[in-house]
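Between the sequences and the hints, there should be enough to build the whole structure, so can you do that?
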Amino acid sequence: MKFVDEFRDPDLAKQILGRISQTVTQPWVIMEICGGQTHAIMRHGLDQLLPDDISLVHGPGCPVCVTPLEYIDKAIRLSLEPSVILTTFGDMMRVPGSEMNLLTARSRGADVRMVYNPLDAVKLARENRDKKVVFFSVGFETTAPNSAMAVSLAKRERLDNFFLLVSHVLVPPAIEALVSSPGNRVNAYLLAGHVCAVMGWCEYEAISTRFKLPMVVTGFEPVDLLSGILAVVEQLESGTSCVENRYERVVTREGNLRARQLIEDVFSIVDRRWRGIGTIPQSGFALSSSYRNYDAETHFGLESHVVNEPANCISGAILQGLKKPPDCPAFGKECHPVSPLGATMVSSEGACSAYYKYALTTQRK
Amino acid sequence: MCLAIPGKLLEVSSENGLRMGRVDYGGTVTTACLEYLPEAEVGQYVVVHAGFGLSVINEAEVERTLAIWKELYESAAQQGVDIHGRKLESDTTTNETPEESG
Ligand code: SF4
Chain A
1 MKFVDEFRDP DLAKQILGRI SQTVTQPWVI MEICGGQTHA IMRHGLDQLL PDDISLVHGP
61 GCPVCVTPLE YIDKAIRLSL EPSVILTTFG DMMRVPGSEM NLLTARSRGA DVRMVYNPLD
121 AVKLARENRD KKVVFFSVGF ETTAPNSAMA VSLAKRERLD NFFLLVSHVL VPPAIEALVS
181 SPGNRVNAYL LAGHVCAVMG WCEYEAISTR FKLPMVVTGF EPVDLLSGIL AVVEQLESGT
241 SCVENRYERV VTREGNLRAR QLIEDVFSIV DRRWRGIGTI PQSGFALSSS YRNYDAETHF
301 GLESHVVNEP ANCISGAILQ GLKKPPDCPA FGKECHPVSP LGATMVSSEG ACSAYYKYAL
361 TTQRK
Chain B
1 MCLAIPGKLL EVSSENGLRM GRVDYGGTVT TACLEYLPEA EVGQYVVVHA GFGLSVINEA
61 EVERTLAIWK ELYESAAQQG VDIHGRKLES DTTTNETPEE SG
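For the protein sequence lines, the chains are A and B, in the order given.
Going by the working numbering, the first sequence opens with residue 1, and the numbers climb by one from there.
Going by the working numbering, the second sequence opens with residue 1, and the numbers climb by one from there.
To be clear, the hints were calculated from the coordinates, so they are not data collected in a lab.
Hints are supplied without guarantee of correctness; some may be wrong.
Facing chain B, a subset of chain A residues (Cβ under 10 angstroms, in silico) [as the list claims (entries may be wrong)]:
(1) 6
(2) 7
(3) 12
(4) 115
(5) 139
(6) 246
(7) 249
(8) 251
(9) 255
(10) 288
Since this is a predicted model, take the numbers as computed values, not measurements.
For each residue, glycine too, the CB sits at the ideal point set by N, CA and C.
Pasting the structure below:
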């Protein structure tokens, strides 16, 4: 496939790997923020090919994984209202809430529908005026523009039966929180390519300067990932720190200005709780005052209850790069993709599911 | 959610006042909203995330990136070494850079 095969070229990958080996002289810990990159790394076995001095730890960039338990519970509670059609991304269906997941709610009569695009939820609202259609909107800066477009379309069409249940989070405050945490051992970051496609990388420049951190905007193919790793290793070894872009074909410094503008119109920045991590100040979006009428929490009067996680799941430590999935006693035993205990085993971007899917096969090789 | 593979834009249309397009991923065709990509033209490759086009692939950058690696290969290969300065064994494949890039 065009623009894919070139960046999966094994000879080129080998060359870059060789260059990484030649450059590295001491141990470094590098975090890839994005769960999509974690999966790509595991899938191509890149972690096995890198020199021993480089360890990759996996970041919090899995939208499904960091959506707080109380929001899953809220979505389930809403879905059980007879007047409601609850819509969300497929990945959210199997995430365990404190009592059940959305699939179980559906088997108990709730009208829960999977959508690929939030505009499909607007369409449902248009076609079902006697129902209240709620889109459970989760994710990072990559999905925020989509929900922003959906709700602005609903407003334009004066659809008063469309609502968003918003649990959106932002990458830069999460990096700041991780860097400042006492257990932090990460020396450099691979920034999430698609988050930067929307937001650009200006926001990271201040963080890189303040904490003297090499940060490299990185794509998803093996050549992209290795090229990103090479760039951070070169910075680390030379004692420099700045933001570099190694995903030039997709990302520009300013990102997508149209998307950023609509995000700014529709959302305002608020404190958010992250599943497994806790509250991070100014780390997420809520609907701004001009869109309050579309806020499911306000409309349905949903109250927040802080719910505790199952004690045996260490996904919080995994999302902060402090532990890896095989460190979890439940990994592959009580917890596997068919009956997941934590969200990191459910999501197609979760680190536990990546290890379950690929690491076992890599180890066998 | 993070589908990193770019798709080729086949057709642009308008639906409920929004710019939409049909995008082909090597035979699988899906619909995407192109409101954030007013500049995207049929035939170009786009990155789509959860149903929305977020970026048009910059083909000049693809060529530039691949050319940089290719140059490194070749200048090193001419001297009988790989790009890290190690001696090349005879008949290696290091000169095989991907041809089509744009
Ligand atoms: S393996 Fe399962 S129980 Fe362990 S951290 Fe991952 S999701 Fe939680």
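Now the hints, each set against the structure:
no., hint, result
1, 6, "holds, 4 angstroms"
2, 7, "holds, 9 angstroms"
3, 12, "holds, 6 angstroms"
4, 115, "holds, 8 angstroms"
5, 139, "holds, 7 angstroms"
6, 246, "holds, 8 angstroms"
7, 249, "holds, 4 angstroms"
8, 251, "holds, 7 angstroms"
9, 255, "holds, 9 angstroms"
10, 288, "violated, 19 angstroms"
Figure legend: structure checked against the earlier numbered hints; the only hint not met is number 10.
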